[in-house]
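K.L.:
Below are the chains, spelled out letter by letter.
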Amino acid sequence: MTIALLSNVTVTSLAMRLNRASREEVYSPSGYNTWLQELSDPASALYANGPEIIFIILHGASLFGDSGPKSGEEATSSLAQMADAIGQAAASHENTVFAVSSLDIPIKKIRPLVSRSFEAYASAFWRDEMEKRGIPVVELAELASAIGREHFYNNRVWYMGSLPFSQNGEETIAEEMRRICRAIRSARKKCLALDLDGTLWGGAIGELGVEGVHLDLTGSGSRFRDFQRRMLDLKESGVLLAVISKNNMEDAMAGIREHPAMLLRECDFAAIRANWASKPENLLSIAKELNIGTDSFVFIDDNPVEREAMQIALPEVAVPSFPADSAQLEDFMIRVAREYFLQFRSTDEDRAKTEQYKAEADRRESMSAFPNMDEYLASLNMTLSLEGLSKRNIPRASQLTQKTNQFNLTTRRYSEAELMDLAADPSVKGYIGGLRDRFGEYGNIALCVAKIFDKADKEGKDGSGNPIKKASIDVFLMSCRVMGRGVESAFLSAVEQDLREAGVSEIEAFYGQTSKNEAVRGFWEKMGYEKTSSMEDGIETYMFSLGPKLRDTAAVNVLKVPKEG
Amino acid sequence: MKETEDANGIKDKIIETIRTILPEATAETSMRNTPSWDSLKTLQIVMALDEDDIAIPFERIADIRSVADILAIAAS
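Chain order of the listed sequences is A and B. Every position in the first sequence, counted from 1, becomes a number in the working numbering once 6 is added. Note that the working numbering gives residue 37 to position 48 of the second sequence, counting from 1, and the numbers run on in steps of one.
Simulated from the structure, these hints should not be mistaken for lab results. Keep in mind that this is a model prediction, so the values were computed, not measured. Possibly wrong hints are sitting among the right ones.
Stated by the list, open to error - Label-pair ranges, simulated between beta-carbon atoms:
(1) Ala152/A - Lys0/B: 32 to 42 Å
(2) Tyr165/A - Thr9/B: 14 to 24 Å
(3) Thr9/B - Gly490/A: 46 to 56 Å
(4) Ala54/A - Gly(-2)/B: 43 to 53 Å
(5) Glu13/B - Leu119/A: 51 to 61 Å
(6) Arg139/A - Gly(-2)/B: 47 to 57 Å
(7) Gly227/A - Asp27/B: 49 to 59 Å
(8) Gly(-2)/B - Ser521/A: 26 to 36 Å
(9) Ser121/A - Lys0/B: 45 to 55 Å
(10) Ala525/A - Asp41/B: 49 to 59 Å
(11) Ala152/A - Thr15/B: 31 to 41 Å
(12) Ser151/A - Asp41/B: 49 to 59 Å
(13) Gly(-2)/B - Ala97/A: 54 to 64 Å
(14) Lys0/B - Asn39/A: 51 to 61 Å
Stated by the list, open to error - Sample of chain A residues facing chain B (criterion: CB under 10 Å; computed from the structure):
(15) Val15
(16) Thr16
(17) Arg155
(18) His157
(19) Ser172
What the hints assert, rightly or not - From chain B, some residues computed to sit far from chain A (all C-beta separations above 10 Å):
(20) Ala(-4)
(21) Asn(-3)
(22) Lys0
(23) Leu11
(24) Ala16
(25) Thr18
(26) Arg21
(27) Thr23
(28) Met36
(29) Ala37
(30) Ile50
(31) Ala51
(32) Leu60
(33) Ala63
(34) Ser65
Quick reminder that beta carbons are idealized off the backbone N, C-alpha and C, glycines included.
Just chain A, with the same shape it has in the complex:
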């Protein structure tokens, strides 16, 4: 990936730090304050290497001359022009992510106490403009205020070389940009596992009772409520919350259900473990229940002994240290969110995640009422919708390639930009599958990318001398939440049928072995594909001739969604 860094001031030093933090090549134009020209000129060096991300870091104090914006109109008209230029560049470079800093505009002009200030107005206007255009924001103003402007900026190097930021400031911005790069690649944790006593509330509920624990709507107990509020933000962004507490279940549930100041309630947790077993044991059982890897967990506990036990037993679990000062809890959760759960943008599936996991529990419960699996599956009234890849569903498609480990035949990870490229390629067919049943929506849960080419060998012609088309399956994956319901077979069947309609007569498929996808090793054979090469360098190759007969998809109705536009 190439990163580009544009600014209205000198950012050579910042680019070097970003290069060190991200270990990626960083392009930064050599001219001073040429960012708008570079951005607006499609032939500029900026676009020569097709950067995956362009960061635009703006020095707010330099945008309006030496006195700051003199009127609201001046502020908004010049900012609106810049926002338009960014919006246009983003629209004409769909495969590049543009991330733009918020504006930190210090009030410099000496003013009476009663006077109008346009700085805050200009900053807020800028944010709105970015949001309107769907441009992700680098929280520069927030970083400056967190560190303090006197530590974030450095006047000496500013006057000497137009470098506005201090070393601390540059390192902080570079670190934030590294996190954004990671968020764009979706290497995001999935579950936040939380202790109760001393973490979600103060004190031990088993000893103090519901009324006695420290948690309140206002005053000192509100530090725990503020902490919970940020967890709720995470839940709303698709992170699963779980409880792992050494407590009696009834004490824990009394706190969660009855405490008047609890912000997180039972329905907010995808899993709750309150018992006397070890916490790593409980985390393993939650991982099994939610069907996610233990490396997708972040574990929060005020007790250093529990944190250390978790790190020793399950080193793949992220265990941030807990603040010694409980007044810092909310800030701590914001840092945890930035480090482990930063998200490029949320998808519909993220927002509905907890409900989906709960519907899953209802499904499991209803299963016991049926004498056999077939009857149970038929009762689900499953409908699979098959849709081509489009700008609308590519964020989710990319997320599926990044997050799916178990039911993933080739484990190819694609960024949104790469999938946009593939979707634009006429020789590539991409399919995303959505599933719903009588318990609710699963959202988009399956993805297939097939590359179509003419069969290269001598016999590669049909009876009329036309080339025989062959498809090679580049991606075939499905969320493990829907495994074992015949959905994979229905999805494959729908893909095969569409490929057949596109003139394909042969499909080449692969199984690329990883430490996590052993469960699907025999998938292609089960689907009637013939193995053409045994395991070599961890890859098996399969072949399938598309005949007129359709695959039996039993319990799943398939609905083909017409192409957009």
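Place chain B on chain A using the hints.
P.N.:
Frame of chain A, contents of chain B only:
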């Protein structure tokens, strides 16, 4: 005696900080004998020293040509 020890300690600390920007730096390093030392590196050294509360006054930044210059400015 104690003053000399303190001065040596500060000198070592400054060179250590300069090494975060110019990894090979010693007390003898200068722009003349170190081609990678350009004006940006000088500013980065000033920034790095600032983090250690060693402030090079604005008026003296342009005088910096060597580690010895920095040590002399810091000692003055």
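K.L.:
Now look at each hint and say whether the structure bears it out.
P.N.:
Here is what the structure says about each hint:
| no. | hint | in the structure |
| --- | --- | --- |
| 1 | Ala152/A - Lys0/B: 32 to 42 Å | 34 Å, holds |
| 2 | Tyr165/A - Thr9/B: 14 to 24 Å | 23 Å, holds |
| 3 | Thr9/B - Gly490/A: 46 to 56 Å | 55 Å, holds |
| 4 | Ala54/A - Gly(-2)/B: 43 to 53 Å | 49 Å, holds |
| 5 | Glu13/B - Leu119/A: 51 to 61 Å | 54 Å, holds |
| 6 | Arg139/A - Gly(-2)/B: 47 to 57 Å | 54 Å, holds |
| 7 | Gly227/A - Asp27/B: 49 to 59 Å | 56 Å, holds |
| 8 | Gly(-2)/B - Ser521/A: 26 to 36 Å | 50 Å, violated |
| 9 | Ser121/A - Lys0/B: 45 to 55 Å | 50 Å, holds |
| 10 | Ala525/A - Asp41/B: 49 to 59 Å | 54 Å, holds |
| 11 | Ala152/A - Thr15/B: 31 to 41 Å | 37 Å, holds |
| 12 | Ser151/A - Asp41/B: 49 to 59 Å | 24 Å, violated |
| 13 | Gly(-2)/B - Ala97/A: 54 to 64 Å | 58 Å, holds |
| 14 | Lys0/B - Asn39/A: 51 to 61 Å | 39 Å, violated |
| 15 | Val15 | 13 Å, violated |
| 16 | Thr16 | 8 Å, holds |
| 17 | Arg155 | 14 Å, violated |
| 18 | His157 | 9 Å, holds |
| 19 | Ser172 | 6 Å, holds |
| 20 | Ala(-4) | 24 Å, holds |
| 21 | Asn(-3) | 25 Å, holds |
| 22 | Lys0 | 20 Å, holds |
| 23 | Leu11 | 13 Å, holds |
| 24 | Ala16 | 22 Å, holds |
| 25 | Thr18 | 19 Å, holds |
| 26 | Arg21 | 21 Å, holds |
| 27 | Thr23 | 17 Å, holds |
| 28 | Met36 | 4 Å, violated |
| 29 | Ala37 | 5 Å, violated |
| 30 | Ile50 | 5 Å, violated |
| 31 | Ala51 | 8 Å, violated |
| 32 | Leu60 | 18 Å, holds |
| 33 | Ala63 | 14 Å, holds |
| 34 | Ser65 | 16 Å, holds |
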